[in-house]
Amino acid sequence: MSAYIQIQDVRKSFEGTARQIEALRDVNLEVQAGEFMCLVGPSGCGKSTLVFIVAGLVSPSGGAVQVGGAPVHEPDPDRTVVFQGDAVFPWMTVAQNIGYGLQQTKTPKKEQDEIVNHLIDLVGLSGFRDAYPKELSGGMKKRVDLARAYATNPTVLLMDEPFGALDAITKEKMQEDLMRLSVAEADRQRTVLFVTHDLEEAIFLADRVAVMTARPGTIQVVLDIPFSRPREASIKLSNEFQALRGHIRELLVEEEAS
Amino acid sequence: MAESQTNNEQDPKQLSKPKRILTAEAKLSILTVLTAVVIWYFFTDSFIPKLFFPSPMDTVQVVGRMEGVLVEYFIATMYRVVVGMLAGAILGVLCGIAMSWNKWINSILDPVIEALRPIPPVALIPFFILWFGIGDTGKLILTALGGFTVMVVTTLEAIKHVSPIYIMAARTLGANRLTIYRTVILPAITPPLIGGMRVTVALSFALVIAAEFMGAQSGLGYMIMLARRTLQTDAILVGVIIIGITSWIVDRMVRVIGNYLTRWAPRSE
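Chains as they are written, first to last, in this note's numbering: chain A, 1 to 258; chain B, 1001 to 1269.
Read the hints as simulated data drawn from the structure, not as lab findings. Even for Gly, the Cβ is constructed at its ideal location relative to N, Cα and C. Just to be clear, a hint being listed does not mean it is correct.
[Unchecked claim] Derived SDA-like pairs (lysine to any residue); straight-line CA-CA distance at most 20 Å:
id, chain 1, residue 1, chain 2, residue 2
1, A, 134, B, 1191
2, B, 1050, B, 1071
3, A, 106, B, 1261
4, A, 173, A, 121
5, A, 134, B, 1163
6, A, 134, B, 1261
7, A, 134, B, 1262
8, A, 106, B, 1181
9, A, 173, A, 233
[To be verified] Away from chain B, derived, C-beta distances all over 12 Å, residues of chain A:
id, residue
10, 8
11, 26
12, 32
13, 43
14, 77
15, 97
16, 114
17, 151
18, 183
19, 220
20, 234
21, 239
22, 256
Chain A with its partners taken away, still in its complex shape (with noise of 0.2 Å):
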């Protein structure tokens, strides 16, 4: 069986001010049909440029993505992604941002109520449906964000370090509703590819955690994360899951270093 997502060769630059910077050097990745897969790395190592690539925002210079068997040349609702920054539009209300994809892919009105509903309520919206996100607070603001991502219902949701700008008891709860979410909403094979600088949060939601070198990033290492779903907050302690974390800051240690 070959992989859902497959990343063949990726290279990117970009013409900098001075010079040309090599982001991604000869990426090869290759993430199964609904595999959770965490990617890790030093600061700058193209880790976000790579999921861009795969969303289709960033073409590469060369090498090639492919998901489900169709080359990536332009975004598409099937590739929703959560950015780090707040990509909620201020003005929208919650329900049509949540509705926002379902709009572009001219899904039936009635069908667009019942998802965006759905989606309120399952991630704990239910009484902001006509707010705008100037009332909500930060951790509300992503809710909104990841509902949009799941409203078109796409077979690849990729996140871009989605929780990086929020506080450590806000960020843990999102995560937790993550792991609730990609189990309520397991009707459809889900690919995630996750990017993050957080080795918990990575070792915590994937199935795999693929660690990356520094600039010019390319894929050091993919390990398995032997834990079953769903998972509870307390594995966190567990001797495994510290065993696990230690062993991924010693590659990235390294890799700072050198």
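Got chain A; can you put chain B on it based on the hints?
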């Protein structure tokens, strides 16, 4: 999973107070206006000769004397201001959007706008009188030109500063270019456009009055010009006050409409 809502836009002090029609701040502002009128009343007719600055009484009297013609001139000026301003502003916003949409349109229009921008429109009035005479046409075009320049620059700058994350999010959710302009760029640039519109209002009044000074047969600027020749300072003052009040009201209307259109935007008071 319920999370308490942050009170980032509501001042708890204001919530606990019962709502009054006039806040203390508004009362203070009204007091300032009243004080100014009182000072005006005491200093004119006594220390300052009528010719230099007419008293409130003289001013009210002249309104009564000129009633019919005042209304006629007011309508003439307002027509020029409103129609010229709206035509220029709408054209300016459309041009700005078209220029950001297509680089060829940008290449064609950019030199035109760069050539127009540094010229104060007032300097063109003699030409406009020569080309269009002293009727409405020249004044409308002049006012539109002023509003156009302000709004095209405001629109271009505003589009340049739309956060790329919104555009990327819209793209990943399946929006095409036209949809992105309609649902992301247009709402995102509305707050700066309201600011540009307020500048346009002030500029439009200035341009119409200046154009009426130099050549017209009606309008408040024309009235002030006539009064100057016969040293009727009371009529001049009436014209100035009417222009001031209407300009303030139009600005106020733009703010009210703007606040409604940007009701989603977080505000720091």
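A quick look at each hint next to the structure:
1. 134/A x 1191/B: holds, 15 Å
2. 1050/B x 1071/B: violated, 25 Å
3. 106/A x 1261/B: violated, 26 Å
4. 173/A x 121/A: holds, 16 Å
5. 134/A x 1163/B: Holds, because 16 Å separates the two Cα atoms, which is no more than 20 Å.
6. 134/A x 1261/B: The given pair, whose Cα atoms are some 15 Å apart, holds under the 20 Å limit.
7. 134/A x 1262/B: holds, 12 Å
8. 106/A x 1181/B: holds, 18 Å
9. 173/A x 233/A: holds, 9 Å
10. 8: holds, 22 Å
11. 26: It holds; residue 26/A is separated from chain B by about 26 Å at its closest Cβ, greater than 12 Å.
12. 32: Since the minimum Cβ distance to chain B is about 22 Å, residue 32/A lies beyond 12 Å and the statement holds.
13. 43: holds, 19 Å
14. 77: violated, 4 Å
15. 97: Residue 97/A is in fact no farther than 12 Å from some Cβ atom of chain B, at 10 Å.
16. 114: Label holds. Min Cβ-Cβ 18 Å, cutoff 12 Å.
17. 151: Residue 151/A not clear of chain B: closest Cβ-Cβ about 8 Å, inside 12 Å.
18. 183: holds, 15 Å
19. 220: holds, 28 Å
20. 234: holds, 19 Å
21. 239: Non-interface label on residue 239/A holds, nearest chain B Cβ at 30 Å vs cutoff 12 Å.
22. 256: For residue 256/A, whose nearest Cβ neighbour in chain B is about 28 Å away, the distance exceeds 12 Å, so it holds.
Figure legend: structure checked against the earlier numbered hints; hints not met, in rising order: 2, 3, 14, 15 and 17.
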